[in-house]
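So the protein sequences, as listed, match chains G and V.
Going letter by letter, the first sequence gives residues 331 to 429 in the numbering used here.
Going letter by letter, the second sequence gives residues 331 to 429 in the numbering used here.
Everything labelled a hint here was simulated from the structure, so no lab data went into it.
A couple of the hints might just be wrong.
[To be verified] Using 25 angstroms as the maximum straight-line C-alpha spacing, the simulated SDA-like pairs for lysine to any residue come out as follows:
| hint | chain 1 | residue 1 | chain 2 | residue 2 |
| --- | --- | --- | --- | --- |
| 1 | G | K398 | V | R378 |
| 2 | G | K398 | V | A416 |
| 3 | G | K398 | V | G409 |
| 4 | V | K398 | G | A416 |
| 5 | V | K420 | G | K358 |
| 6 | V | K398 | G | F369 |
| 7 | G | K398 | V | A380 |
| 8 | V | K420 | V | R378 |
| 9 | V | K358 | V | S411 |
| 10 | V | K398 | G | E342 |
| 11 | G | K358 | V | Y396 |
| 12 | G | K398 | V | D337 |
2 protein chains.
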Amino acid sequence: MAVPELDAQETEQLLADHPDWSLGREGKAITRTFQFGDFSEAWGFMSRVALLAEAQDHHPEWFNVYAKVEVTLTTHDAGESGGLSARDAKLAASIDALA
Amino acid sequence: MAVPELDAQETEQLLADHPDWSLGREGKAITRTFQFGDFSEAWGFMSRVALLAEAQDHHPEWFNVYAKVEVTLTTHDAGESGGLSARDAKLAASIDALA
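Pulled out of the complex, with its shape left as it was, chain G reads as follows:
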């Protein structure tokens, strides 16, 4: 089932609401990089995000190396071939609340 994709105005609002995220993949995703003091801190953050992701049934694409975590949010079921949806806005807000 396709999820409604954010239109241009909604995407602009998402970025305005979450200024630490930047648009990527030709507008189909948002990304934020987090830098922690060490792996233990980074992992603690990732563990909290993992719980959010399961609770929201919406999961990040993410990369971790030691104290750095790069989080990318996109909705594979949005639009024709993936894009941003309200699910990404919700998860971004939840992640921002942790950081």
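Chain G is already provided as a structure; the job is to place chain V on it using the hints.
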């Protein structure tokens, strides 16, 4: 402090011992991709690897999207500008033992 880099013969032995890993980054890293049934399983695996990494004080570079985990092992302190070391062989063996 530089960590001794594996020589060609040692690298060959590493790949022979751990056939599920493939050489990448011009011989400076090894990678293995794991596919699980869902995020919960993938996260359980990642949590176990995180504990190994802290215990061995050697951490993976890894990417996760839902049920897939791509693990890359390299030693930033090895050789002139990073490469494979005995630390990668040890962590690969520990990860293989989980999988």
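Evaluated hints:
A distance of roughly 19 angstroms separates the Cα atoms of K398(G) and R378(V); the hinted pair therefore holds under the 25 angstroms criterion. Proximity of K398(G) to A416(V) is assessed by CA-CA distance (about 24 angstroms); at most 25 angstroms being required, the pair is judged to hold. Straight-line distance between C-alpha atoms of K398(G) and G409(V) comes to about 23 angstroms, which keeps the hinted pair within the 25 angstroms bound. Distance restraint check for K398(V) and A416(G): the Cα-Cα separation of roughly 24 angstroms lies within the 25 angstroms cut-off, and the hinted pair is therefore satisfied.
Annotation: proposed proximity of K420(V) to K358(G) is violated, straight-line Cα distance about 39 angstroms (limit 25 angstroms). A C-alpha spacing of about 21 angstroms is found between K398(V) and F369(G), which places the hinted pair at or below 25 angstroms, so the restraint holds. With a CA separation close to 14 angstroms, the supplied pair K398(G) and A380(V) stays within the 25 angstroms bound. Restraint check: the Cα-Cα separation between K420(V) and R378(V) comes to about 15 angstroms, which is no more than 25 angstroms; the hinted pair holds.
The hinted pair formed by K358(V) and S411(V) meets the criterion: a straight-line CA distance of about 9 angstroms does not exceed 25 angstroms. Taking the CA atoms of K398(V) and E342(G), the gap is near 31 angstroms; set against the 25 angstroms cutoff, the hint is violated. At most 25 angstroms may separate the alpha-carbon atoms for a hinted pair to count; K358(G) and Y396(V) meet this at roughly 18 angstroms. Restraint check: the Cα-Cα separation between K398(G) and D337(V) comes to about 29 angstroms, which exceeds 25 angstroms; the hinted pair is violated.
Checked against the numbered hints above, the structure breaks hints 5, 10, 12 and satisfies the rest.
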